[in-house]
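Participant: What follows is the residue order along each chain.
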Amino acid sequence: MLLHRVVTLMVTLALPALAHATPTQYPLALQNCATPLTFEHAPKSAVTIGQAGTEMLYALGLGDRLVGTSLWFNDVPVQYKAQNDKVERLADNDPSFEAVIGKRPELVVVQLEWMVGPQGVVGTREQFHELKIPTYLMPSDCEGKDNLVGADGTRMQPFSIDTVYKSISQLAEIFDVQARGEQLNNQLKASLEKSIASLKGKDLSATSALFWFSSADMDIDPYVAGRKGIPDFMLNTLGVRNVVESDEEWPTVGWETLAKANPTFLVIARMDRRRFPADDVEKKLEFLRTDPVTRNMDAVKNNRIIVLDAHGMQASLRLFDGIETLATAISRHDLPK
Amino acid sequence: MTARLITAFAACTALLLAVLAGVAIGETPIAPDVVLQVLANKLWGAGHALDPIDEGIVWNYRLTRALVAAACGAGLAICGVVLQSLLRNPLADPYLLGISAGASTGAVVVAVLGLGAGAISLSAGAFAGAICAFALVILLARASGPSGVSAQIILAGIAGSQLFNAITAFLITKSASSEQARGIMFWLLGNLSGVRWPSVWLAVPVAVLGLVVCLWHRRALDAFTFGADSAASLGIPVRRVQLLLISCAALVTAVMVSIVGSIGFVGLVIPHAVRLLAGTGHGRLLPVSALGGALFLIAADVLSRTLIKGQVIPVGVVTALVGAPVFALILIGRRHAR
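Those protein sequences? They're chains A and B, same order as listed.
So the first sequence is numbered by the numbering used here: it starts at 199 and just counts up by one.
So the second sequence is numbered by the numbering used here: it starts at 437 and just counts up by one.
So that you can see chain A by itself, here it is in the shape it has in the complex:
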C-alpha cells in the first residue's frame, strides 16, 4: 500500500535529504487554529489523541518521541506495529485529562476539536496551556469548520486537502524534521496526482456517487456523506458528483430520496466497528440487493458498488489510499454517458 511505499522511500531518501534541509529556528512561533504556540526547542515527548496524528508522527519518524496514544479507530498499520508496541496506549477512546498530563508531554497532538477544544471531552486547550503543555490541533478539524454547531461540527468551507499537508509541515517544523515532512508531502501529492491522472480521458460528466457510511438500524435512514466533508472532497477531486446535497458532514437521508437520485456508484464503508448491524459491509450489500427499492437502483443492478475503508475517509494519511482505491474502481467500469 501507499504508506508502505512512503516509508520505504523515506528510508532511502531521508538521510541525503536531511543534509540540505533548513533546520528549524527556535524559539518557533506559529498560529494553530487561532491559538498562538511558541516552542523553545523541539518537544522531547508527545501524546496523541486521535489515530491520524499518531500515524503522522510515525510517518515522520518521530515514534521515539511518543509517550502515549489514544482514540484509536483501527489497527495500527503493519509497518508501525513494532514501534507502536513500545508506546503506551492511554485509552482506546478518549483519554482522561490526567492520563494525558500524567505523561508530562511537551506536546499534545489532537485530531478532533471535540476532544480538546472549547467543549473538549478531554479538556480545553487553556487547561493544557496553563500547565505549559502546548496542544497542536489538526487544521483539518478547525479551518473552515465550526465544531460548536451540529453533532459532528459544521463545515463553513469545503474540506481542503491543504490542511493535511499543513499539519504535516507544521509538525515537521515543530519537531525539526522539515526534510522528512517535505518528503512526505511530496509523496502524498504525487499519489493524489496519480489517482487523478488514472481517470484522465474518462468522461465523468454524467457520473455521480453516494457514500453510505452506516445506519443506526438496518432499514432506517442511513448516514451518508454530505457536501463539504472529506468524502465529498474525494469525489470532487476525481470529478464525480455527490448525489447528497446537505451541508452536514454525515446527514441522514431517506432511501426514497437516495433511490430517486439513482447514483452511478455506491461507495460503502468497511470498518472494524460493530456497533450497528449496518457497520458490516456484507449486511450493507445484502440490504442493497434485497430491499425492493434499492435493488432496482442502477448502481446495484450493474454492480457498481465500491467498498472503501472507513479510515480512508478521515483527514489522515490514509485518505490518499482511499482516493487511489476509488479511482481504480471507477476506472474499471464503463460509465453511462
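Be careful, since some hints might not be right.
[To be verified] Stretch by stretch, here's where chain B covers chain A in the computed footprint (C-beta under 8 angstroms, at least three residues): (1) 463-477; (2) 499-507.
[Stated by the list, open to error] With a cut-off of at most 27 angstroms between alpha-carbon atoms, the simulated DSS-like pairs for lysine-lysine come out as follows: (3) K478(B) - K301(A); (4) K387(A) - K478(B); (5) K301(A) - K279(A); (6) K398(A) - K387(A); (7) K400(A) - K387(A); (8) K745(B) - K398(A).
Bear in mind the hints are in silico, worked out from the structure with no lab data behind them.
Note that the Cβ used here is the ideal one computed from N, Cα and C, for glycine as well.
Using the hints, position chain B against chain A.
Facilitator: For chain B alone, coordinates are given in the frame of chain A:
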C-alpha cells in the same frame, strides 16, 4: 344502530383517506396517478407499466410507514386511556411504567456495549429493555404494599424510569462517542423511516389485539374511573383486571417503542382530547381514541417528512410541536362551549 353504523363507516373512511395521504406525500414527488396505479397493481394486479423504484417506494416504504404510524398512534392512545383510567391520574401516559427508559437502556446496551456484536438489532434490545424495566416496576409496586393503590404504581414507575435513565447515562458517559449517542438519540426520538412489511405485520395485530382486550374490559374500566374500591364493590376482580390491563398496555407500548422509538405526546394527550369531545364512557372512548391516535400520527409523520425540504424531523418532535397547541385550543374551546 344506524347512527353507530354511520359513525363506524365515517371512521373507516377517515382512516383510509389518511393512509392514502400518507402514501401520496413523501420526500420526493411522485404523481398521484402513479401512486394509484401502484396500489391498483399490487391490490388487484392491474398490470400498469411503472418504474420499479417508484413502485417500491410507494408500496414498500410509504404504505408500510402509514400503516405502522396508524397502528402505533392507535396503540399508544389506547394505552394512555387505560393507564389514565386505571391509575386515576390525568398525567399517566404509556411511558409511565418505565418502558421508554428501559427501551433506551436496552438500545444503548446493544449499540454501545456491542452486545450481540451487531447481530441483535436496536429494536430487539429496546424491546428486551422495556420488558425488563416494566417487570422491575411491577415487582417494586407489589413489594411496596397491597396492590390496587395507583400511587404505588406511579411512584414505582418513576423510580424505575430514573434508575434506567441513570444506567443509560452511565453507559453513554463511560463508553460512547458523541456520534454513537447521536445515533441512539436519533432512533429513540421516534423514527418511522425503517419500517417495512414485517413491522406492519407486528404493529397492526398488536394494536388491534390491544384494542379488543381493552374493549372487552370497558365496563371494568368505567368502574375504575370511580376508584378501585368502587370497582371492587361492583364485583370486579380488581387485582386481576388491573394486572391484566397494565401488562397489556405495557406490552403494546413496548412493541411500538421497539418499532418506532418513543414517540411522546400521543398517549398522553389524545385520550384527553377525545374525552373532551366524545365523553368518558370507555365503549366509545377506546375506539375513538384509537382512531384519533392513528390519524394524528399519520399526519405528524407526513409533516415530519415535508416540513423541511430534504430533511426528516424526528416524528416525536412534530407530535409535541403540533399537538401541544392543538390540545390547548381544544381545552380553551371546551371551556367556551360550556
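Participant: Has the given pair, K301(A) with K279(A), been kept, meaning a C-alpha gap of at most 27 angstroms?
Facilitator: holds (21 angstroms)
Participant: Taking only the CA atoms, is the gap from K478(B) to K301(A) under or equal to 27 angstroms?
Facilitator: Violated, because 67 angstroms separates the two Cα atoms, which is more than 27 angstroms.
Participant: Per the coverage rule (Cβ-Cβ under 8 angstroms, at least three residues), is the region 499-507 of chain A covered by chain B?
Facilitator: Three-residue rule not met by the region 499-507 of chain A, so violated; n is 0.
Participant: Can you confirm whether the C-alpha distance between K400(A) and K387(A) stays at or below 27 angstroms?
Facilitator: Answer holds: K400(A) to K387(A) is near 21 angstroms, not above 27 angstroms.
Participant: With the threshold set at 27 angstroms, check whether the alpha-carbon distance from K745(B) to K398(A) stays at or below it.
Facilitator: The given pair, whose Cα atoms are some 37 angstroms apart, is violated under the 27 angstroms limit.
Participant: Mind checking the alpha carbons of K398(A) and K387(A) for me, to see if they're no more than 27 angstroms apart?
Facilitator: Measuring from Cα to Cα gives roughly 17 angstroms; hence the hint holds.
Participant: Given that the region 463-477 of chain A was listed as covered by chain B, double-check it with a C-beta distance under 8 angstroms for 3 or more residues.
Facilitator: It holds: at least three residues are needed, and the region 463-477 of chain A offers 5 whose Cβ sits within less than 8 angstroms of chain B.
Participant: Decide if the proposed pair is consistent with the structure: K387(A) and K478(B), CA atoms, cutoff 27 angstroms inclusive.
Facilitator: Violated: K387(A) and K478(B) sit about 55 angstroms apart, past 27 angstroms.
In this structure, the earlier hints numbered 2, 3, 4, 8 are contradicted, and the remaining ones agree with it.
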